[in-house]
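Read off the chains here:
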Amino acid sequence: MDLRAGDSWGMLACLCTVLWQVPAVPALNRTGDPGPGPSIQKTYDLTRYLEHQLRSLAGTYLNYLGPPFNEPDFNPPRLGVETLPKATVNLEVWRSLNDKLRLTQNYEAYSHLLCYLRGLNRQAATAELRRSLAHFCTSLQGLLGSIAGVMAALGYPLPQPLPGTEPTWAPGPAHSDFLQKMDDFWLLKELQTWLWRSAKDFNRLKKKMQPPATAVTLHLEARGF
Amino acid sequence: MAAPVPWACCAVLAAAAAVVYAQRHSPQETPHVQYERLGSDVTLPCGTASWDAAVTWRVNGTDLAPDLLNGSQLVLRSLDLGHSGLYACFHRDSWHLHHQILLHVGLPPREPVLSCRSNTYPKGFYCSWHLPTPTYIPNTFNVTVLHGSKVMVCEKDPAVKNRCHIRYMHLFSTVKYKVSISVSNALGHNATAITFDEFTIVKPDPPENVVARPVPSNPRRLEVTWQTPSTWPDPESFPLKFFLRYRPLILDQWQHVELSDGTAHTITDAYAGKEYIIQVAAKDNEIGTWSDWSVAAHATPWTEEPRHLTTEAQPPDHDQHHQLTGTPAHHEDL
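Residue numbers (the UniProt record's numbering), protein chains in the order written: chain A, 1 to 225; chain B, 1 to 334.
The reader is advised that the hints may include incorrect statements.
[Said to hold, decoys possible] Here are the simulated lysine to aspartate or glutamate pairs, EDC-like style, with alpha carbons at most 16 Å apart:
id: 1; chain 1: B; residue 1: K178; chain 2: B; residue 2: D157
id: 2; chain 1: B; residue 1: K274; chain 2: B; residue 2: E304
id: 3; chain 1: A; residue 1: K207; chain 2: B; residue 2: D292
id: 4; chain 1: A; residue 1: K206; chain 2: B; residue 2: E304
id: 5; chain 1: A; residue 1: K208; chain 2: B; residue 2: D234
id: 6; chain 1: B; residue 1: K123; chain 2: A; residue 2: D183
id: 7; chain 1: A; residue 1: K206; chain 2: B; residue 2: D261
id: 8; chain 1: B; residue 1: K178; chain 2: A; residue 2: D73
id: 9; chain 1: B; residue 1: K176; chain 2: B; residue 2: E155
id: 10; chain 1: B; residue 1: K176; chain 2: A; residue 2: D99
id: 11; chain 1: A; residue 1: K86; chain 2: A; residue 2: D177
id: 12; chain 1: A; residue 1: K208; chain 2: B; residue 2: E236
id: 13; chain 1: A; residue 1: K208; chain 2: A; residue 2: D99
id: 14; chain 1: B; residue 1: K274; chain 2: B; residue 2: D252
id: 15; chain 1: B; residue 1: K241; chain 2: B; residue 2: D197
id: 16; chain 1: A; residue 1: K181; chain 2: A; residue 2: E71
id: 17; chain 1: B; residue 1: K241; chain 2: B; residue 2: D252
id: 18; chain 1: A; residue 1: K207; chain 2: B; residue 2: D252
id: 19; chain 1: B; residue 1: K283; chain 2: B; residue 2: E258
id: 20; chain 1: B; residue 1: K176; chain 2: A; residue 2: E92
id: 21; chain 1: A; residue 1: K206; chain 2: B; residue 2: D234
id: 22; chain 1: A; residue 1: K207; chain 2: B; residue 2: E304
id: 23; chain 1: B; residue 1: K203; chain 2: B; residue 2: D292
id: 24; chain 1: B; residue 1: K123; chain 2: B; residue 2: E155
id: 25; chain 1: B; residue 1: K283; chain 2: B; residue 2: D252
What the hints contain is simulated information worked out from the structure, not anything from laboratory work.
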């Protein structure tokens, strides 16, 4: 398949559609299920692991992109053209998110980000970079599965994309090399920020779901949170 | 007519005296304020007097030696801070005050030192600044905060000088903040700027109320408790983790313990009978840097009370009496 510059995002549309339709929901073992607590903790731990992994991956990738992308003071304007899921949110809105929305936003964000990362992987020049990216994508897939598990345990449906809202990128005029690198830069930045946000999101969920041990079985019955 | 003449004469004399008085005791004009650079040379003219006018100069009321004069102008070389003051020049014969200069010796500002920190995440952050070396003259500072292209308001701290506060409107932003400061005074100006991400400047205040207590009947234990800093607004959603360090006063080497939650810890390997110094630091679980160390707590582990030798040597009936009343206890000062 001939891959024109700027068309790589178009290919993603196909891939992302595939991703949406295969939600990674682990089989629920209800007997002796300790409730969502441990899987929230696991999800939290995964965000920390991923954030740590991303630090070295991003450093390597930005060096590969070269200056100015790997300069610590690099502070480009965010043009807002990209379709990346943005972690930034109004403080009060974030505080007042209900659990379902909080989890949904996380799930949707990482689904999109995983998609874009896979596109990045396809274009990465060195084998080592491709290996690191592939490894990261696998871990990120694990995080998605973990979030899906929490949502299932709490009885929330996994978000299904409405037709036409898949993360597509209309292949317009060929993306210049510099603009492509800008997209890569923002992807990594947004990914890092999302991982920090998720840690806070799951902290909040953890605190809310901290029932005393005796009340665990009751939580399984009362699914209407 | 003879009678009005003496009266008129007195009136004229009085008026003349009044003018002379006015000229000597009230300024001819408000002093001219002048700023000059430390180490430089300056020539102060005596107002509009001609170069060869005969004048005397005074500084803060003290006469100045005539060898400093160049005609009617005062020459000051290698200005130091002691040269600051009120300089006045008088016509030598009439003692008429001709001109006053309020001289301030100082320096233009060097590049200011600017730092920002969030000890109240996610509420906001503050920025502080200072000059690395004094200028000795008044300076004005102007701070601007940009989040991307958006200008944010930095509210002056009512209590602390050279500090202002910014409130976060949005969290989890990928766009950096840029804080710029310019400083200027009569001799020059300077400026600097810093750029940072929301997460990198998070640094809580140190934990509060660190208390260390011996544990009864445990000679190697110390129980330490503390509180999350009161400035940290939301420890539920933004939990802190803690770092404890302790050592006996007699040793230099610290022991360290990192604690992911809870505000208490029991030290179990203390040296018996030795006074310990204990400190705690805090950090957001995921982002930012460690706080400074808390105020130190001191404690000595519990030690067994020494028994009084006199009780052993008592005759039997007295012995029984002592057993009933008990021996007085000695408490070591902790």
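Okay, the hints, checked on the actual structure:
This hinted pair does not check out: K178(B) and D157(B) have alpha carbons roughly 19 Å apart, beyond 16 Å. The straight-line distance between the Cα atoms of K274(B) and E304(B) is roughly 13 Å, inside the 16 Å bound, and the hint therefore holds. For the hint pairing K207(A) with D292(B), the CA-to-CA distance comes to about 27 Å; that exceeds 16 Å, so the pair is violated. Proximity of K206(A) to E304(B) is assessed by CA-CA distance (about 44 Å); at most 16 Å being required, the pair is judged violated.
Among the hinted pairs, K208(A) with D234(B) is consistent with the structure: their alpha-carbon atoms are about 14 Å apart, no more than 16 Å. As the CA atoms of K123(B) and D183(A) are separated by approximately 30 Å, the hinted pair breaks the 16 Å bound. For a cut-off of 16 Å, the pair hint linking K206(A) to D261(B) stands: about 13 Å separates their Cα positions. A hinted pair counts as satisfied when its Cα atoms are at most 16 Å apart, and K178(B) with D73(A) qualifies at roughly 10 Å.
With a CA separation close to 20 Å, the supplied pair K176(B) and E155(B) exceeds the 16 Å bound. Restraint check: the Cα-Cα separation between K176(B) and D99(A) comes to about 29 Å, which exceeds 16 Å; the hinted pair is violated. Between the alpha carbons of K86(A) and D177(A) the distance comes to roughly 23 Å, so the proposed pair goes past 16 Å and is violated. Distance restraint check for K208(A) and E236(B): the Cα-Cα separation of roughly 9 Å lies within the 16 Å cut-off, and the hinted pair is therefore satisfied.
Proximity of K208(A) to D99(A) is assessed by CA-CA distance (about 9 Å); at most 16 Å being required, the pair is judged to hold. Restraint check for K274(B) and D252(B): the C-alpha separation of about 13 Å stays at or below 16 Å, so the hint holds. Pair hint K241(B) plus D197(B) does not hold up; C-alpha atoms about 21 Å apart against a cutoff of 16 Å. Distance check on the hinted pair: K181(A) and E71(A) sit about 14 Å apart at the alpha-carbon level, within 16 Å; holds.
Taking the CA atoms of K241(B) and D252(B), the gap is near 25 Å; set against the 16 Å cutoff, the hint is violated. Restraint check for K207(A) and D252(B): the C-alpha separation of about 39 Å exceeds 16 Å, so the hint is violated. For the hint linking K283(B) to E258(B), the alpha-carbon distance of about 11 Å falls within 16 Å, and the restraint holds. Among the hinted pairs, K176(B) with E92(A) is inconsistent with the structure: their alpha-carbon atoms are about 21 Å apart, more than 16 Å.
Distance restraint check for K206(A) and D234(B): the Cα-Cα separation of roughly 15 Å lies within the 16 Å cut-off, and the hinted pair is therefore satisfied. Proximity of K207(A) to E304(B) is assessed by CA-CA distance (about 43 Å); at most 16 Å being required, the pair is judged violated. Restraint check for K203(B) and D292(B): satisfied, since their Cα atoms lie roughly 9 Å apart, inside the 16 Å limit. With a C-alpha separation of about 14 Å, the suggested pair K123(B) and E155(B) falls inside the 16 Å cut-off, and the hint holds.
Restraint check: the Cα-Cα separation between K283(B) and D252(B) comes to about 24 Å, which exceeds 16 Å; the hinted pair is violated.
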